[in-house]
Amino acid sequence: MQPLTREEKFMKEAIRQAKKALAIGEVPIGCVIVYNDKIIGRGYNRRITDKNTLSHAELNAIKKASKVMGDWRLDDCEMYITLEPCQMCSGAIVQSRIRKVYIGTMNPKAGCAGSILNLLQVPQFNHQVEIEKDILHDECSAMLTSFFKELRKKKV
1 MQPLTREEKF
11 MKEAIRQAKK
21 ALAIGEVPIG
31 CVIVYNDKII
41 GRGYNRRITD
51 KNTLSHAELN
61 AIKKASKVMG
71 DWRLDDCEMY
81 ITLEPCQMCS
91 GAIVQSRIRK
101 VYIGTMNPKA
111 GCAGSILNLL
121 QVPQFNHQVE
131 IEKDILHDEC
141 SAMLTSFFKE
151 LRKKKV
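The sequence shown: position 99 = 99 (our numbering), numbered continuously.
Just so you know, the hints here were simulated from the structure itself, not pulled from any lab data.
Any given hint might turn out to be false.
Said to hold, decoys possible - The calculated lysine to aspartate or glutamate pairs, modelled on EDC-like cross-linking and capped at a C-alpha distance of 16 Å, are:
| no. | residue 1 | residue 2 |
| --- | --- | --- |
| 1 | K20 | D37 |
| 2 | K155 | E139 |
| 3 | K133 | D37 |
| 4 | K153 | D75 |
| 5 | K19 | E139 |
| 6 | K9 | E150 |
| 7 | K19 | E150 |
| 8 | K100 | E150 |
| 9 | K100 | E26 |
| 10 | K12 | E150 |
| 11 | K9 | D37 |
| 12 | K149 | E130 |
Claimed, not checked - FRET-style restraints, in silico, Cβ to Cβ:
| no. | residue 1 | residue 2 | range |
| --- | --- | --- | --- |
| 13 | K9 | D76 | 11 to 21 Å |
| 14 | D37 | K133 | 32 to 42 Å |
| 15 | P3 | D50 | 33 to 43 Å |
Heads up, the beta-carbon is just placed ideally off N, CA and C, and yes, glycines get one too.
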C-alpha cells in the first residue's frame with residue numbers, strides 16, 4: 001500500500017469530520033482548513049442539529065480558522081472539503097481569501113466551484129481561489145451516496 005499524499009492525508013481529516021456529521025444524522029460533509037501544514041479549523045455539516053441554514057461544514061471551519069489566525073483573512077490557507085461547496089460557502093471562501101480548495105467530489109445539483117457555477121474563480125472578483133478536484137473521490141462520493149440511499153429507504 002502506497003503512503004498517502006499530503007492532499008490525501010488532509011482529505012482523510014475532512015472525511016473524519018464528515019463522519020461526525022453522519023453520526024448525528026446530518027448529511028456527511030466535512031472540512032478542514034490548513035495553514036503551514038497544520039489544521040487550524042475543522043467543521044462538519046450541522047444544519048439540522050443547529051437549526052441554522054448557515055451551519056455548513058465550510059462556514060464552521062472558517063469561523064474556527066479565523067479565530068486561530070486572529071483575522072478574517074485566511075490568505076495562505078488551504079481548505080479540504082469532501083463535497084464541492086454551494087454558492088453561500090463559495091462566497092465565504094472567496095471573501096476569506098483562502099488560497100486553494102481541494103474538493104473530494106463534485107456536486108452537480110448545487111456545486112459552485114465548477115459544476116453549476118464557478119464562484120471561486122470569477123475574474124472580476126478581487127480574489128480567485130485555486131481548485132483541485134477529486135481528492136479521494138471514491139471515498140467521499142460513496143459516503144454521500146450511501147447516506148442518501150438510506151435516507152430514501154426511510155422515507156418509503
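Going through the hints against the structure:
no., hint, result
1, K20 to D37, "violated (22 Å)"
2, K155 to E139, "violated (25 Å)"
3, K133 to D37, "violated (19 Å)"
4, K153 to D75, "violated (43 Å)"
5, K19 to E139, "holds (12 Å)"
6, K9 to E150, "violated (28 Å)"
7, K19 to E150, "holds (15 Å)"
8, K100 to E150, "violated (33 Å)"
9, K100 to E26, "violated (26 Å)"
10, K12 to E150, "violated (23 Å)"
11, K9 to D37, "holds (11 Å)"
12, K149 to E130, "violated (32 Å)"
13, K9 to D76: 11 to 21 Å, "holds (19 Å)"
14, D37 to K133: 32 to 42 Å, "violated (21 Å)"
15, P3 to D50: 33 to 43 Å, "holds (37 Å)"
Comparing the model with each numbered hint stated earlier shows that hints 1, 2, 3, 4, 6, 8, 9, 10, 12, 14 do not hold.
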